[in-house]
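> Assemble chain B onto chain A, guided by the hints.
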Amino acid sequence: MRKLSTDILVIGGGAAGLSAAAEAASAGAGVLVVESDLRLGGQLIKQTHKFFGSKDEYAGTRGFKIADILLDEIKSFKDSVSVLQNTTVTGFYTEDNTFTAMRGEEEFFQINAKKTIVATGAQERLIPFPNNDLPGVYGAGAVQTLMNVYGVLPGRRVLMVGAGNIGLIVSYQLMQAGVEVAAVVEAAPRVGGYWVHAAKIRRMGVPILLRHSIKKAVGNDVVTGAVITALNERFEPVGPERVLDCDIICIAVGLSPTTEILSQAGCRMMYVPQLCGTVAQRDRTMRTSNPDFYTAGDASGIEEASAAMVEGRIAGLSAADALGYPTEHGKIDEYWGRLESLRMGEAGARICQGIECVLVQGWEGVVYV
Amino acid sequence: MSEKDMAMLFNSGVLTGEREGALLPPSELWERKKGGVVIVECPQRIPCNPCHTSCPTGAILPFADINDTPKVDWSKCTGCTLCVSACPGLACFVIDLTFSDEMALYKLPYEMLPLPVKGQKVQCLDREGTCIAEGTVENVTQPRKDRTHVVHVSAPKVFLTTFRAIRVVESV
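As given, the protein sequences belong to chains A and B, one line each in that order.
Positions 1 to 369 (this note's numbering) are the ones given, in order, by the first sequence.
Positions 1 to 172 (this note's numbering) are the ones given, in order, by the second sequence.
Chain A on its own, in the form it takes in the complex (with noise of 0.2 Å):
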């Protein structure tokens, strides 16, 4: 089986992953990206909409113009930075440090890296309701894939389930798209996305309907419609129920962190709410108790791609210098100062919460097996 060997291996080349890349090349450091998808950018190919932050991290750019930023930035590097695309990683071997992937469907090989850096994104969350499994009923970020990838229109009338920030610029992406969006159900008693995107939508005409979920959708062979309730302030579903006419549903409730091959490194993992999932735990270089893995982005728990471009820098900037390559006094903490100041909102409360659970002062103590 063919072999690759790296030196720093970064596994995923979304907004941390390509972030990750082109700080450690920027250091010196030989550099392998793998992704899964047939692209580099991740999430940022298929947002439209202009970023918030500050200018560091590319405010009021689109983030698919921003993703074309950090692959010029990559491509600066020449040989030190190669990308496999149509590449999954599907395991990692402790015995001999060994990632086994795939490119493709036929062609397998293993890959040796002295420093992993895992920035493998999330996963969308569903929830169950009867007929959930109806053509018409899809994931917000399959709706975006269709749409802004690949110039799919999804359908023409869509209930969009959840009000968070995805949930709440899908349905303005889809208006500019031209599908009417019926309404937005959000089963807390606030929008959890920021007030301005639902704002955006309001003043176009959408609903957004706080404590009210899907109930179940309509349809024989696919989505005609959707049955949506009320619900009482322990989420209870306590009507009045409605039919809304519909040919798409959208499920936008929310991400949790893709961490398995983190799992399979015998890095130490732990449940934070706030973060949405299971996350490795890491220090302030982003490394986690496995001294050869690095984590970054929403691996390392559910966060703005703002926040996730700066963890990935950090981590590739710590990879960098722990392989010896030289790197500039104090950066880190310059990063920390912008990661700071990004979490200082209404949200970054609840993350900075979880953080807290999951960061580390130092590894003394601590026997990696």
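None of these hints come from the bench; they were simulated from the model.
Some hints could be false.
[Said to hold, decoys possible] Here are some chain A residues pointing at chain B (derived, C-beta under 10 Å):
id, residue
1, R62
2, I69
3, E73
4, N131
5, G139
6, Y150
7, L168
8, R202
9, P207
10, I208
11, R211
12, S213
13, M344
14, E346
15, C352
[What the hints assert, rightly or not] To list a few chain B residues with every Cβ distance to chain A over 10 Å, as calculated:
id, residue
16, N11
17, D126
18, K157
19, L160
[Claimed, not checked] In silico lysine-lysine, DSS-like type, Cα no more than 27 Å apart, as pairs:
id, chain 1, residue 1, chain 2, residue 2
20, A, K114, A, K75
21, A, K215, B, K4
22, B, K145, B, K76
23, B, K71, A, K55
24, B, K145, A, K65
25, B, K76, A, K55
It should be emphasised that the depicted structure is a prediction, and the values quoted were computed from it without experimental measurement.
For each residue, glycine too, the CB sits at the ideal point set by N, CA and C.
Showing chain B alone in chain A's frame:
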């Protein structure tokens, strides 16, 4: 409307009166300012500052903390609309009360299709998308050449606290 319903309305993304981050300019200054002044409706602390960094006159004050809600010195605002097109939340609007005796010029962000043209009649929408008047498109600009357009619409002054979006209806 009960206080609880008002709170729910606000929590769903509809502004229900002035509050920090969503204040109106002092009226005597607003009434005589040619070109208009910015109205910001950004009442939640989020990490974002392009309104300030895009402002060429310093009217949108520097942020001590990037999560602060925007503060405006309206005396410095020229109504240039650079913030209107820079704001990722589409939360900046310019309203020029010097347009005529009866009518104000509303300069609103617009990222939908079709794009209206000068002279076209459009629906004026309030913060819940209800059509409250008909307006006339006076100009369509693209201040930052990034596909966020700013549509200048003349409409009666009585809607200055309610008219915040347009709907373009294909003419028959």
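> So, for every hint listed, does it hold in this structure?
Hints, one by one, checked against the model:
For A:R62, the interface hint holds, since its Cβ comes within 10 Å of a Cβ in chain B; the closest pair sits about 7 Å apart. Violation of the interface hint for A:I69 is found here, the shortest Cβ-Cβ separation to chain B being roughly 14 Å, above the 10 Å cut-off. Of the supplied interface hints, the one on A:E73 is violated, with its beta-carbon coming no nearer than about 20 Å to a beta-carbon of chain B, more than 10 Å. Taking 10 Å as the C-beta cut-off, the interface hint given for A:N131 is violated, the closest approach to chain B being about 27 Å.
Below 10 Å, beta-carbon pairs count as interface contacts, and A:G139 has none with chain B, the closest being about 23 Å; its hint is therefore violated. Taking 10 Å as the C-beta cut-off, the interface hint given for A:Y150 is violated, the closest approach to chain B being about 19 Å. Contact between A:L168 and chain B, as hinted, is supported at the beta carbon level, the nearest pair being about 8 Å apart and thus within 10 Å. Hint status for A:R202 relative to chain B: holds, with the closest Cβ pair at about 4 Å, below 10 Å.
Annotation: A:P207 was flagged as interfacial toward chain B, and the flag holds, the nearest CB pair being 8 Å apart, inside 10 Å. About 4 Å separates the beta-carbon of A:I208 from the nearest beta-carbon of chain B, less than 10 Å, and the hint is met. Because the beta carbon of A:R211 sits about 8 Å from the nearest beta carbon in chain B, less than 10 Å, this interface hint is met. Annotation: A:S213 was flagged as interfacial toward chain B, and the flag is violated, the nearest CB pair being 15 Å apart, outside 10 Å.
Interface hint at A:M344: satisfied, since its Cβ lies 5 Å from the closest Cβ of chain B, which is below the 10 Å cut-off. This hint holds: A:E346 has a C-beta 5 Å from the nearest C-beta of chain B, less than the 10 Å allowed. At about 12 Å, the closest approach between the beta carbon of A:C352 and any beta carbon in chain B exceeds 10 Å, and the interface hint on this residue is violated. At roughly 4 Å from the closest C-beta of chain A, the C-beta of B:N11 falls inside 10 Å, breaking its exclusion from the interface.
Separation of B:D126 from chain A is inadequate, the least Cβ-Cβ distance of about 7 Å not exceeding the 10 Å criterion. Look at B:K157: its CB is around 19 Å from the nearest CB on chain A, clear of 10 Å, so calling it non-interface holds up. No Cβ of chain A comes within 10 Å of the Cβ of B:L160; the nearest lies about 15 Å off, and the non-interface call holds. Between A:K114 and A:K75, the direct Cα distance comes to roughly 22 Å. Compliance with the 27 Å bound is thereby established for this hinted pair.
Proposed proximity of A:K215 and B:K4 is supported: the alpha carbons are some 25 Å apart, at most 27 Å. Restraint check for B:K145 and B:K76: satisfied, since their Cα atoms lie roughly 24 Å apart, inside the 27 Å limit. Distance restraint check for B:K71 and A:K55: the Cα-Cα separation of roughly 19 Å lies within the 27 Å cut-off, and the hinted pair is therefore satisfied. Our distance criterion of 27 Å between C-alpha atoms is met by B:K145 and A:K65, whose separation comes to about 14 Å.
Among the hinted pairs, B:K76 with A:K55 is consistent with the structure: their alpha-carbon atoms are about 23 Å apart, no more than 27 Å.
Violated hints, listed in ascending order, are 2, 3, 4, 5, 6, 12, 15, 16 and 17; each of the other numbered hints is respected by the structure.
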